[in-house]
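Novice: Starting from the given sequences, assemble the full structure and let the hints guide the process.
There are 2 protein chains.
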Amino acid sequence: MKAYRELSENELLALKDQLHKEYEEAKAKGLQLDMSRGKPSPAQLDMEKDFLGMVISDADVTTETGVDCRNYGLLDGIPEARTLLADMLEVSADKVIVFGNSSLNVMYDTIARSMLLGVLGNTPWCKLDKVKFLCPVPGYDRHFAITEQFGIEMINIPMKEDGPDMDLVEKYVNEDSAVKGIWCVPKYSNPQGYTYSDETVKRFAALKPAAEDFRIFWDNAYAVHDLYEDRSDKLLEILGECEKAGNPDMVYEFCSTSKVTFPGAGIAAIVTSPANVEQIKAAMTIQTIGYDKLNQLRHTKYFKNIDGMKAHMKRHAAIMRPKFEAVLKVLESELAGLGIGSWTNPNGGYFISFDAMEGCAKAIVEKCKEAGVILTGAGATYPYKKDPKDSNIRLAPTFPSPEELSVATDLFVLCVKLVSVEKLLHN
Amino acid sequence: MKAYRELSENELLALKDQLHKEYEEAKAKGLQLDMSRGKPSPAQLDMEKDFLGMVISDADVTTETGVDCRNYGLLDGIPEARTLLADMLEVSADKVIVFGNSSLNVMYDTIARSMLLGVLGNTPWCKLDKVKFLCPVPGYDRHFAITEQFGIEMINIPMKEDGPDMDLVEKYVNEDSAVKGIWCVPKYSNPQGYTYSDETVKRFAALKPAAEDFRIFWDNAYAVHDLYEDRSDKLLEILGECEKAGNPDMVYEFCSTSKVTFPGAGIAAIVTSPANVEQIKAAMTIQTIGYDKLNQLRHTKYFKNIDGMKAHMKRHAAIMRPKFEAVLKVLESELAGLGIGSWTNPNGGYFISFDAMEGCAKAIVEKCKEAGVILTGAGATYPYKKDPKDSNIRLAPTFPSPEELSVATDLFVLCVKLVSVEKLLHN
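Those sequence lines, one after another, are chains A and B. Count along the first sequence starting at 1, add 45, and that's the number in the working numbering. Count along the second sequence starting at 1, add 45, and that's the number in the working numbering.
Derived from the structure by calculation, the hints contain no laboratory data.
Between beta-carbon pairs, the in silico distance windows are: (1) Asp-212(A) to Gly-118(B): 39 to 49 angstroms; (2) Tyr-429(A) to Ala-356(B): 47 to 57 angstroms; (3) Tyr-429(A) to Asp-79(B): 52 to 62 angstroms.
On a predicted model such as this, the values are computed, not experimentally measured, just so you know. The beta carbon of each residue, even a glycine, is placed where N, CA and C say it ideally should be.
Specialist: This is the structure we're talking about:
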């Protein structure tokens, strides 16, 4: 098929009529499908039958070290859970503090703590006139929502296939002491599924921040979330690189089992240097009596060790692969060569990133919604929900079935075509 | 026995020698007992056998309304958990947001939110020159630790048997707009076990705060924690009283099941007006993906309703009563009439409050420690750990067995006597 840009006005008009007809037919089907959220499917969760039964009797409730997990104690998590999550991120267990079920909450609290109490003796951010964060874009809307809520100014940094534009990152971080952080999803990034290259990680580790309290917020949400056995990305472990580069305290790394066990009842962790761990624990002593250790125990008893977790993730991948492939197949067969959109084909993670022609994303999402297919809101992948090119759309293919995803993607490509034709006719 | 103050110097000297001998003998026993913390005993936790098995199979994981508790959703808690905790505090379920396992964390977050985002549109507290909190004393050390961490100035308010000195509370709250809050444990107060009278609650509800964003932090930690069936305190429900008095938004109430099910794995809640609920939920949407709903489900399936919870608490009381009585028996038989100490005899809660002669508390706690009995640090029940009279000691009789408590209290009264005699000799 010819690229749309090469079509004459008459050809475009004819195409528009035909697409319109198809759209009205599709609308009449009364679809109700949701591709908006990175949400595991019931089939993934049903695999957990044995998980919930792991901690039932009084005999199940103590740690390896003999601590009763029902009672108070062990603020930083049970030893076996610290080890499991340390192995997940390839660090030592002393760098890990285990929290409750939401890594988002850990990130929020980390920023709130920096705002109110400051980072390792530096002025609390709430006492500064201006605090800025770098935001690789497109990125994760919930990261941006946190920094927006706290009135932190967000600066867009373009993402490339090997990570954020590091020339820009270095310029901002090394020159502007108001820049206190950067949001990163370094492996299978949300929404592209890109993984930072070794060189990118090394350039991060070698930053020379103007602000002593600059921190990299390294949200390693998809560390063990490969889709394929023969096509998986490797991420260089950043804490070790930072130590080597003389920046041992520069990273707060986050992870969780929300997309390993249960989104609503997993365990989360922060992984960072001993000095940072010490400050965080000192604040935690005031903040909480500690997190749910019984749920930590369920995780360690079920997986036994990191190999158990990895085997489990292969079963998840087997459920998810056909879903990604269902979406990709429709995109490829319907849009390849038309010049009206490009998309990623990730090796892992939860999303496919789609870039429409400039100025089309909002209209496409709206058209899909009208016909019963919910996508992540256009703009959501940018700070302040403002995609300057109105181009990026995040596709989340994990919750619906492969059949539903084919139907939903059929509608999606139809909307892409229709909106693109209208755009070309109006230019 | 004669009051110590009426003894002659020679009598005191002779008594001192004898007590010293007894103390050295006690020390030689090498005791290792801990009365420092309000911690349920293993016997209370072992009652939970059936609790942990409540949510195991895939058939157990949905709410009454059909929501899958393993996945994302229901930010404010599952409906049945909201109802259970609402019934616990005698309010309607729409006023309840269910959180994770730590009500301390909910209180901390409530203050952190007020600091960073402000209360219902008022200036964030971190932007103010001065923020003050009223602290009924003696009180709960972990409350004071939160306000201290955030640099909030704490003002002592003397506690009486029917609650805080309300003349003082009214004066501060109604006249000083820097006073933004007061910490209250209104039922079975920590450490005295006092319950606020109806008049006290009504005076709270009728406050006319100088600050629009003044809030009562109503930590109803022991709402269902009666020790006796025929001697239980009733607390007037404060939200209703505040509504009647035209102050609907003035209270943040907190509760948890930490001392109902498990300290490490209970559920907590905030209970407050619709306007406050709305603000809190708006902030929570950014902060977290929601709390562990499976654990909420365990609670509601196990208790079924508030009657189930109350029956359960009677079983707890049966375990705890002999412990309180073991301590009280020794205090009564060894110290009554000596004029060197007074103590409370609560109808519920987790503590007994002991007041030594002025200037003796630190020395008593130290002497106990030397002989192997750990008490809550002297001063802990006051802001900044400063008991102006060095007099109050909190006794926590829930974790050790009744036999251990008798032994520990024997040592305690011995130390009270010894330190008091030494004090009288040095005056």
